[in-house]
Amino acid sequence: MKYKFLTAVIVSSLATAMLVSSCGKSRGNDPGTEYMPDMYVSEAYEPLTQPEEKPNTINPYGMNMRVAPANTIARNQLSYYYPYEKTPEGYEAAKKELRMPATIERTAKTLTKGKHLYDINCSPCHGDQGLADGAVAAKLPSIPSYATDRIQNLEVGGMYHTITYGLNLMGSYASVLTPEERWCVIQYVELLRTKAKPGATEAAQADTTKKN
Amino acid sequence: MKINVKITVLLFCFINGIISFAGAAPSADEGKKLFEANCASCHKVDKDLVGPALKDIDKRRDIGWIIKWVKNPQAVIKSGDAYATALYNKFNQQNMTAFGSLKDDEIKSIVEYIKAYVPPAPAPGTETATPDQSGTNNSDFGSATLLALLAIAVLLIFIVMLLGRVNDVLKQRVYEKKPELIPENQGYSFIKDTFMPWVRGWNKTVATVMAIVIFGILFAYNGFKYANNEVGVQKGYSPTQPINFSHKIHAGDYKINCQYCHSSAEKSKQASIPSLSTCMNCHSYVTAKDKYNGQTSPEIAKIYKAIGFNEQNKKYDQPQSPIKWIRIHNLPDHAVFNHSTHVKLGKVACQKCHGEVQEMEVVYQRNSLQMGWCINCHRESNVDVASNPYYEKLHARLKKEGKTEIKVAQNGGLECSKCHY
Numbered sequence: 023m024k025y026k027f028l029t030a031v032i033v034s035s036l037a038t039a040m041l042v043s044s045c046g047k048s049r050g051n052d053p054g055t056e057y058m059p060d061m062y063v064s065e066a067y068e069p070l071t072q073p074e075e076k077p078n079t080i081n082p083y084g085m086n087m088r089v090a091p092a093n094t095i096a097r098n099q100l101s102y103y104y105p106y107e108k109t110p111e112g113y114e115a116a117k118k119e120l121r122m123p124a125t126i127e128r129t130a131k132t133l134t135k136g137k138h139l140y141d142i143n144c145s146p147c148h149g150d151q152g153l154a155d156g157a158v159a160a161k162l163p164s165i166p167s168y169a170t171d172r173i174q175n176l177e178v179g180g181m182y183h184t185i186t187y188g189l190n191l192m193g194s195y196a197s198v199l200t201p202e203e204r205w206c207v208i209q210y211v212e213l214l215r216t217k218a219k220p221g222a223t224e225a226a227q228a229d230t231t232k233k234n
Numbered sequence: 203m204k205i206n207v208k209i210t211v212l213l214f215c216f217i218n219g220i221i222s223f224a225g226a227a228p229s230a231d232e233g234k235k236l237f238e239a240n241c242a243s244c245h246k247v248d249k250d251l252v253g254p255a256l257k258d259i260d261k262r263r264d265i266g267w268i269i270k271w272v273k274n275p276q277a278v279i280k281s282g283d284a285y286a287t288a289l290y291n292k293f294n295q296q297n298m299t300a301f302g303s304l305k306d307d308e309i310k311s312i313v314e315y316i317k318a319y320v321p322p323a324p325a326p327g328t329e330t331a332t333p334d335q336s337g338t339n340n341s342d343f344g345s346a347t348l349l350a351l352l353a354i355a356v357l358l359i360f361i362v363m364l365l366g367r368v369n370d371v372l373k374q375r376v377y378e379k380k381p382e383l384i385p386e387n388q389g390y391s392f393i394k395d396t397f398m399p400w401v402r403g404w405n406k407t408v409a410t411v412m413a414i415v416i417f418g419i420l421f422a423y424n425g426f427k428y429a430n431n432e433v434g435v436q437k438g439y440s441p442t443q444p445i446n447f448s449h450k451i452h453a454g455d456y457k458i459n460c461q462y463c464h465s466s467a468e469k470s471k472q473a474s475i476p477s478l479s480t481c482m483n484c485h486s487y488v489t490a491k492d493k494y495n496g497q498t499s500p501e502i503a504k505i506y507k508a509i510g511f512n513e514q515n516k517k518y519d520q521p522q523s524p525i526k527w528i529r530i531h532n533l534p535d536h537a538v539f540n541h542s543t544h545v546k547l548g549k550v551a552c553q554k555c556h557g558e559v560q561e562m563e564v565v566y567q568r569n570s571l572q573m574g575w576c577i578n579c580h581r582e583s584n585v586d587v588a589s590n591p592y593y594e595k596l597h598a599r600l601k602k603e604g605k606t607e608i609k610v611a612q613n614g615g616l617e618c619s620k621c622h623y
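Residue numbers (our numbering), protein chains in the order written: chain A, 23 to 234; chain B, 203 to 623.
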């Protein structure tokens, strides 16, 4: 009889071991076992989180973030104020009047920043060199190459307007790039289009690089 | 001689005539170039884009009207032209740019190009395989199945033991009635002759204690391992998201930078979930219709539904309902992690913590995000002292001491209050 007891003990301990080591693992839709789940949830409402344990009962859709009230500008963000409207007239006016602010001087630093942001936000469509050969460009119709006359002759104000509001198929990048960053990107775009200029000589290209 | 001169003159005139004729006549080739430079960002020949499809425009409108329209669309609308007004209203009252600089002949050649337009045949082999969305679960079976299997196994073992007991009892009954059936000596058996007498010789108490100890050690070992590595650790978590977004297609195949969508990784604590307007940068146009029999892909349709985009009139005029993405990488509230510190200052690649996301059809948590894992990296990684002006003094001091590098751990990367505050 005794050996049966022993078998029972061995079998049950193996089963427990198996059970313990197999359940509670996170996989698929199961996040696994948590102890004290309240330690995962912030008492304060944190942006970009929407825990089920602590729903936001005040904001629309239960989101922790809110859209800023219309026609307001946050402190120290006066540069976000943009007087031109999202109309063809606004576009023309921006082309004519809007110039790069004097505070944003073209230096190696701003160009590096511009390149970095260009590579992240613009290059998927416009391509590394602005030749409209990005990997996504194949999926979208007719992204203008910087070598075309239209871009070659485009004023910086027009570029800023386009980044801010989007144009035709291009969307707005105002939520991603701060005004300063937009100007840095424009500096880099200007550099690219000088390089892309049809018939641009090596000397001219070397000249632009030297200027930076 | 005279004849020669005459022939030369004639020939000259003839060639000249051909050249001037070719220059004057609207040609489709010229038109193609002009179309691509001026019209293509808003118009396609065979599909409505920002503006209407231009196929058969020569049949719909006479050339005089087209020229007037292209040169100054506003004027045509203001003149009260019914067709122009209807068009203007159909396309969200969006003004077309006036192309006053285009010559009549150039506009005619664009129309020639539209007439001669043949839709390009789809290139063979461009079709990418439809992503397999079924493989959301990266294990062979779920825990419920495992439990059921275990229960069946226990039941079967019980049945085997029961049947063995029944067999023994039946045998004994038979032997009692017919003792002649008792088998003669069957020769040496390990279990019957060595193992069982050995087990029967055991002290009952010692055996029980030993069994409990074995059981206890197994239980404690597994329990410790489990509590340490599994409880509160979500490694391997790969929930089904409300939209089957494939990082493999976007970040892998199309090489879109992580920060195109997670734009605040460099600027703030959070890497941020992109707003739907980021999706619409491409998906206002890209609908993957070729893969879904001319229908908009059901996953892209979910974006449209959430953002209230009306595909027919390209307006955002439907009710909106935000998408509830499920968070995968989750730290307890008592640990602080700042993305910008790691991405911008530490120049840590996203993949170092999140794994090869660009190869994941369904994203799963690659690393445990446990404290030991964090600390380990802090012990191994160098602080970028050379290119960061904030560390100028430190860099100078290091140089004086003849060192070239300093680990994050040596620079306070192991301080409790760095992350727990």
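Since the hints were made in silico from the structure, they are not lab data. Beta carbons: idealized from backbone N, C-alpha and C, even for Gly. It is possible that some hints are incorrect.
[Claimed, not checked] Here are the in silico distance ranges between beta carbons for each label pair: (1) B/L352 <-> A/A160: 29 to 37 Å; (2) B/A300 <-> A/N51: 50 to 58 Å; (3) B/Q612 <-> A/A37: 19 to 27 Å; (4) A/S101 <-> B/G557: 36 to 44 Å; (5) B/P381 <-> A/A37: 39 to 47 Å; (6) A/E127 <-> B/K605: 31 to 39 Å; (7) B/V488 <-> A/S101: 28 to 36 Å; (8) A/T134 <-> B/V488: 25 to 33 Å; (9) A/Y103 <-> B/V488: 28 to 36 Å; (10) A/A37 <-> B/N431: 19 to 27 Å; (11) A/A37 <-> B/L383: 37 to 45 Å; (12) A/P105 <-> B/G510: 38 to 46 Å; (13) B/W527 <-> A/V89: 34 to 42 Å.
These are the hints, each one checked on the structure:
The beta-carbon spacing between B/L352 and A/A160, approximately 52 Å, falls outside the hinted interval of 29 to 37 Å. Distance hint for B/A300 and A/N51: a CB-CB separation of about 56 Å, consistent with the stated range 50 to 58 Å. One distance hint, 19 to 27 Å for the beta-carbon pair B/Q612 and A/A37, is violated here, with the actual separation near 49 Å. Hint check: A/S101 to B/G557, Cβ distance near 38 Å, so the stated range 36 to 44 Å holds.
For the pair B/P381 and A/A37, the beta carbons lie near 41 Å from each other, so the given range of 39 to 47 Å is met. The hint said 31 to 39 Å for the Cβ distance between A/E127 and B/K605, and at roughly 36 Å that hint holds. At roughly 33 Å, the beta carbons of B/V488 and A/S101 sit within the given window of 28 to 36 Å. Between A/T134 and B/V488 the beta carbon distance is about 31 Å. The supplied range of 25 to 33 Å therefore holds.
Checked against the given bound of 28 to 36 Å, the beta carbons of A/Y103 and B/V488, roughly 33 Å apart, stay inside it. A C-beta distance of roughly 21 Å is found between A/A37 and B/N431, which places it inside the suggested range of 19 to 27 Å. Separated by about 39 Å at the C-beta atoms, A/A37 and B/L383 satisfy the suggested range of 37 to 45 Å. At roughly 28 Å, the beta-carbon separation of A/P105 and B/G510 lies outside the given 38 to 46 Å, and the hint is violated.
B/W527 and A/V89 have their C-beta atoms about 18 Å apart, which leaves the hinted 34 to 42 Å range violated.
Consistency note: the structure conflicts with the earlier hints numbered 1, 3, 12 and 13.
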